[in-house]
Amino acid sequence: MNSIIGLWLFSSMLYNNSPLPIPNPDLIMTFEFSEDGTDTLFYKRKGETGSCSRKAFYQFENGHLYQRVYWVNPSNAIWCDSDTDMRIGTEGTNTASINAKGELQLDLMMGEEVVTLIWQKKNEPVITE
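Reminder that position 49 of the sequence shown reads as 1327 in the numbering used here, one-by-one numbering, no gaps.
Note that these hints are calculated values from the structure, not bench results.
The structure presented is a predicted model; accordingly, all values stated were derived computationally and were not measured.
Each hint should be verified, as a subset may be incorrect.
[Said to hold, decoys possible] Once the Cα atoms are required to be at most 25 Å apart in a straight line, the calculated SDA-like pairs of lysine to any residue come out as: (1) K1333 with G1380; (2) K1399 with N1351; (3) K1322 with K1399.
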């Protein structure tokens, strides 16, 4: 079984190997990976209306996560368009791994710098309201 399968909640970040809190404590962001090779990215901010979600095909192997977006929720908030990951056809590969604590680590380029997003696995649904 693929160790990435399941629901993950964004919990913290690493920058230059130093831990950082979530930039916005009201941000709820989840990644759900299915056995059929698809994943769903969802995010919203507590107390604000609107959310963003999309589905992608993924492959997780050899320390890399490849994704290609094939569906974007037509009910997404208008501001979701500014996120390239919320556009059909977007594809890319990122360094990704499950660390010793069982957390998903996903490296993203933020400008010229690499930032590592840390995700904790959840066994029950995440409340998004």
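Hints and how they fare:
no.	hint	verdict
1	K1333 with G1380	24 Å, holds
2	K1399 with N1351	24 Å, holds
3	K1322 with K1399	18 Å, holds
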